[in-house]
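Engineer: Chains as they are written, first to last, in the UniProt record's numbering: chain G, 1 to 256; chain Z, 1 to 210.
The hints are simulated quantities; they were obtained by calculation from the structure and are not laboratory data. Here the structure is a predicted model, which is why all the values come from computation and not from measurement. Glycine included, every Cβ here is placed at the ideal spot set by N, Cα and C. Careful: at least some of the hints might be erroneous.
[To be verified] Where chain Z lies over chain G, by a calculated footprint (3+ residues, C-beta under 8 Å):
| no. | segment |
| --- | --- |
| 1 | 100 to 111 |
| 2 | 115 to 129 |
| 3 | 162 to 173 |
[What the hints assert, rightly or not] Derived pair list, reagent style BS3-like, types lysine-lysine, alpha-carbon separation capped at 27 Å:
| no. | chain 1 | residue 1 | chain 2 | residue 2 |
| --- | --- | --- | --- | --- |
| 4 | Z | 120 | G | 134 |
| 5 | G | 144 | Z | 108 |
| 6 | G | 144 | G | 37 |
| 7 | G | 24 | Z | 108 |
| 8 | G | 171 | Z | 108 |
| 9 | G | 134 | G | 144 |
| 10 | G | 171 | Z | 120 |
| 11 | G | 171 | G | 134 |
| 12 | Z | 39 | G | 24 |
| 13 | Z | 108 | Z | 39 |
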Amino acid sequence: MDTQRNESEDFMLELGAITKSFGKNTILHQVSLRVRKGEVCSIIGPSGAGKSTLLRCINLLEQPDSGNMSLNGNFYDVSFPLRQDELLSLRRTCGMVFQSFNLFPHMTVLQNVVFPQRHVLRRNESEAREVALKLLDRVGLKNKASSHPTQLSGGQQQRVAIARALALEPKLMLFDEPTSALDPELAHEVLDVMRELADSGMTMVVVTHEMNFARTVGDHLVVMADGHKIEEGIPEAIMDHPQQSRTRQFLSAVNH
Amino acid sequence: MQFLPTLLVGLRQSLWIIAAVIAIGLPLAFCLALMVMSKHRLISAVGLVIVEVGRGMPALVILYLVYYGLPRFGLNLTNIASVIGALAWNYSCYCSEIIRAGILSVPKGQLEAGQALGLKPRITFLRVVAPQGLLSTIPGLMGQTILAFQDTSLAYTIAVPELMKQAYSLGGESFQYLRVFVLAGLVYAAVTLPSTWITTWVERRINTAY
Ligand SMILES: Nc1ncnc2c1ncn2[C@@H]1O[C@H](COP(=O)(O)OP(=O)(O)O)[C@@H](O)[C@H]1O
Ligand SMILES: [Mg+2]
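Produce the entire structure from the sequences given, and follow the hints as far as they go.
Structural biologist: So this is what it looks like as structure tokens:
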């Protein structure tokens with residue numbers, strides 16, 4: 001009994017049999033997943049596999065059809081929409097970084113990071129600014145605080161988006177192909193920030209095509225295809241000795 | 001030229017009417033847009049009926065319905081109030097569609113970013129989606145306002161002493177209809193043309209806003 005409880009406490013996130021369909025198409029088939037505290041879990045797989053949908057089910061940007069979820073010790077039955085207050089508290093626990101950055105273009109970089117803190121954490125203006133500037137410094141963009149997002153490169157925008165999410169002190173960070181929209185040299189600066197974040201002990205779920213990141217930073221690797229989790233384990237083990245033919249196919253395609 | 005002072009008195013009345021139409025019509029347009037976009041089927045349907053009826057009928061017909069029709073239901077409006085009410089309805093229906101299109105033009109990622117941050121839906125709408133959506137509607141709303149200003153000339157049909165009515169009276173007194181109406185047209189143009197130029201300028205500014 002005791003060991004079981006302790007084991008459960010080790011996990012930041014447990015997904016149980018998440019199923020999701022759009023209309024008649026079932027996109028996720030009973031996907032389960034466990035992510036330990038402080039762990040970096042990478043999700044790879046061909047496009048259309050359901051990786052984004054799975055990630056979006058975690059913070060309920062998509063409402064699953066059925067399944068359950070435990071996040072930071074809180075259990076949720078996600079077969080039904082959550083109450084508004086539960087939903088907001090769940091989302092407060094996870095930060096999300098999108099492929100397309102989704103910064104607020106009508107606000108400065110600083111306002112992008114300050115504004116959510118004011119409303120979500122009810123921080124006062126000076127405290128929120130202080131936190132924002134510290135985080136912008138951490139991602140190397142303190143000098144861009146008064147710029148507008150469109151004046152920044154994609155890599156810089158993505159780093160601001162990371163700072164914006166971190167300002168709300170999430171327990172879990174979700175990344176949906178954060179570097180796919182970027183040129184390789186710009187992807188680099190974003191990956192460096194993510195690596196530093198992982199080293200600082202943040203729990204992360206990262207959908208990515210960056211095999212090197214998944215191998216060197218990731219602790220756990222999940223391979224998805226056609227809405228199923230087809231393989232998971234230690235990144236090196238899977239990349240060097242894939243068990244499933246779909247995994248082999250996918251890996252040889254990305255390593256061309 | 002001796003007609004000009006009288007026409008300018010009429011212009012003041014016309015401007016007064018359009019100011020009232022804007023003051024009533026724009027907030028109404030925003031509410032109608034919210035109604036039509038509502039997830040509630042009933043609210044959305046009611047909004048849609050109001051908007052489609054308002055856009056479907058010519059402004060003159062709406063004006064007559066208000067001025068001659070409402071008294072049948074015991075609601076007697078002055079002629080100026082009838083004009084303002086009728087034009088405000090017509091104007092708000094067109095504007096609500098402009099506002100709705102503007103709000104729908106905001107990329108879905110903006111809404112999702114707000115949701116993912118844990119912002120309340122109301123805050124996401126008011127602080128993230130609406131400011132971006134409404135900015136792009138400003139030129140369209142200005143254009144609609146210019147059209148509504150031209151529609152104020154319909155008020156002459158129910159004897160509101162605005163620009164068109166003054167021109168009509170002057171024409172009747174002097175029998176110089178052509179001169180009077182050319183002059184009246186120039187007065188309208190003196191308002192609408194600069195407004196159009198300003199609209200174009202604003203549009204260009206907004207396209208380079210961010
Ligand atoms: N909102 C949606 N409506 C309908 N189908 C969707 C929607 N979102 C995703 N899908 C479908 O779900 C499948 C998985 O998509 P996605 O999760 O984005 O895959 P991945 O991120 O692995 O490329 C795709 O076939 C896609 O077309
Ligand atoms: Mg995807």
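Engineer: Against the structure shown, which of the earlier numbered hints fail to hold, in ascending order?
Structural biologist: 6
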